[in-house]
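Chemist: These are the residues of each chain, in order.
Protein chains: 2
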Amino acid sequence: MEGPRKLALKVAERARDFLRSKFLDESYLKVVEEHKSDVSRKIDLEVEDLIIKTLREEGFKGGIVTEEKGVVGEGPPYAVVDPLDGSLNYAVGSPHWAVSVAIAEGEDFSTLVASAVCPGFGHPCYSASDKAYSGEGEVIPGAPEKVLVFYGEPEDERQSKYLVELRKLLGRPKVRVPGAIALDMVNVARGKLLALVDVRNKIRNVDVAGAYLIIKRAGVPVPEVYESFPTDEVSVVGNLFFGRDERVLSALLSSASKLGLWQGDPDNVQARAGRFLP
Amino acid sequence: MEGPRKLALKVAERARDFLRSKFLDESYLKVVEEHKSDVSRKIDLEVEDLIIKTLREEGFKGGIVTEEKGVVGEGPPYAVVDPLDGSLNYAVGSPHWAVSVAIAEGEDFSTLVASAVCPGFGHPCYSASDKAYSGEGEVIPGAPEKVLVFYGEPEDERQSKYLVELRKLLGRPKVRVPGAIALDMVNVARGKLLALVDVRNKIRNVDVAGAYLIIKRAGVPVPEVYESFPTDEVSVVGNLFFGRDERVLSALLSSASKLGLWQGDPDNVQARAGRFLP
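Protein chains in written order, with this note's numbering: chain Z, 1 to 278; chain A, 1001 to 1278.
Heads up, a few of these hints could be off.
To be verified - When the alpha-carbon atoms are kept at most 27 Å apart in a straight line, the in silico BS3-like pairs for lysine-lysine are as follows:
id, chain 1, residue 1, chain 2, residue 2
1, Z, Lys-30, Z, Lys-6
2, Z, Lys-36, A, Lys-1146
3, Z, Lys-161, Z, Lys-131
4, Z, Lys-174, A, Lys-1006
5, A, Lys-1061, A, Lys-1006
6, Z, Lys-30, Z, Lys-53
7, A, Lys-1168, Z, Lys-174
8, A, Lys-1146, Z, Lys-69
9, A, Lys-1069, A, Lys-1010
10, A, Lys-1258, A, Lys-1161
11, A, Lys-1042, Z, Lys-36
12, A, Lys-1202, Z, Lys-168
13, A, Lys-1258, Z, Lys-131
14, A, Lys-1042, A, Lys-1053
15, Z, Lys-258, A, Lys-1146
Just so you know, the hints here were simulated from the structure itself, not pulled from any lab data.
Note that the structure is a prediction, hence the values are computed from the model and not measured.
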């Protein structure tokens, strides 16, 4: 599956380079469309166009599933794309953002065959096919930091209670809300984050498809139900939980279950490699 | 005051370049000392040494007030330094971090004469003397984004209540917890953040001295009491509030007053230029 991985890398790299070249350029931040909970800017539309154009130039003939345009063309295969993960960070001037491209042979995440996530700055591109790659080498997990990335609504009592519970369960980690979930997921794959949780029920498949395959191929355990997330349309996939190892993930899920924030089976976790287990 | 500003810039840039060159290098993340609420890593100590060495090489003869070592040498003048703002981000692999260097002629923030803040990636260095600079040009405020940066303890009821209040007051902005306050302050100076609040009562003068002068010189209104923060020792300065304009800042302060999170006078705000006022 080196063809699809190289394709994903080429497309994501080109988009990342374009985004880097326009970073802090106010003229690209103009809001073009307003949606319910976010906006589309000139930069979002241009980088999406660039990705679609590059995929076609490189011979990709399937459906392109992406944030702004929905589905372009027909699949399978599908390219599941987040042209600019962390677009509000990009607008504010935080360098914490990334480009995400995934290739699936069928209609759900279990059919993902390749992906690439290119962070805006400081990192090589990460990619996956049968293995997880950091640049040209394999992803090698680093020393873990006691950090919980948590996305929740401050007004929601259940979500706030869950955050307090998690801090207790995990030994009072520092909490961050960085605002670019694909890059956060890469930092889970790299073994650096203790846990990553989003309980706002608003994450979409396009946000996470690319980083999902990288996490899985890096040997981080994931709930089995993620495998059924669709690849053939843009859709909200619900609350998301990632832990550095099986023990952390089980703690995240059973605590979420008790608060009604996780509908799946907390014991049904695929430990792909268990590399992080003590 | 171009001498001190050029000095601050030279020192901060050299430190930033060093930090960039070691980003993602696990060998520099080894914890060397454990403190009450954070740790010192090899990278923290080496970049601090580099800054002290560079200041002395460039002829700075005063006291150097910095995170790890306390005060080195005798002032006035004082160099107030945060060698690596966002050091946990740096360790995790988030590119959201910065170097901060400020020069003061006396013992408090009212005597700051120059400063530089160099974000790790994607930005020029920002600096201040009589004006605020972005690279070689002046800081020109961009279009504001509806984002609140909020640092609080999730377990603290008053702090959590304040966050919910602020979301109401400010029209439900998105909330971020990026983890590098000097870089967040630069994004306030750039006119991009609606508000920045830290109510954990743990921010120290070294964290904010450099970005404070940039915010002030960019014409953003600040509470008068910040002027009395010390420059001659490392110390916690308490809760911090920055707003894009006087109206936002007043809202932050009066709401914090009611909850007992702000001890100063909410009406006592220095509007330096009022450039952001409607």
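Chemist: Run every hint past the structure and note whether it holds.
Modeler: Checked hints:
no.	hint	in the structure
1	Z/Lys-30 to Z/Lys-6	33 Å, violated
2	Z/Lys-36 to A/Lys-1146	14 Å, holds
3	Z/Lys-161 to Z/Lys-131	37 Å, violated
4	Z/Lys-174 to A/Lys-1006	36 Å, violated
5	A/Lys-1061 to A/Lys-1006	16 Å, holds
6	Z/Lys-30 to Z/Lys-53	22 Å, holds
7	A/Lys-1168 to Z/Lys-174	26 Å, holds
8	A/Lys-1146 to Z/Lys-69	24 Å, holds
9	A/Lys-1069 to A/Lys-1010	21 Å, holds
10	A/Lys-1258 to A/Lys-1161	11 Å, holds
11	A/Lys-1042 to Z/Lys-36	46 Å, violated
12	A/Lys-1202 to Z/Lys-168	21 Å, holds
13	A/Lys-1258 to Z/Lys-131	55 Å, violated
14	A/Lys-1042 to A/Lys-1053	17 Å, holds
15	Z/Lys-258 to A/Lys-1146	34 Å, violated
The earlier numbered hints that this structure contradicts are 1, 3, 4, 11, 13 and 15.
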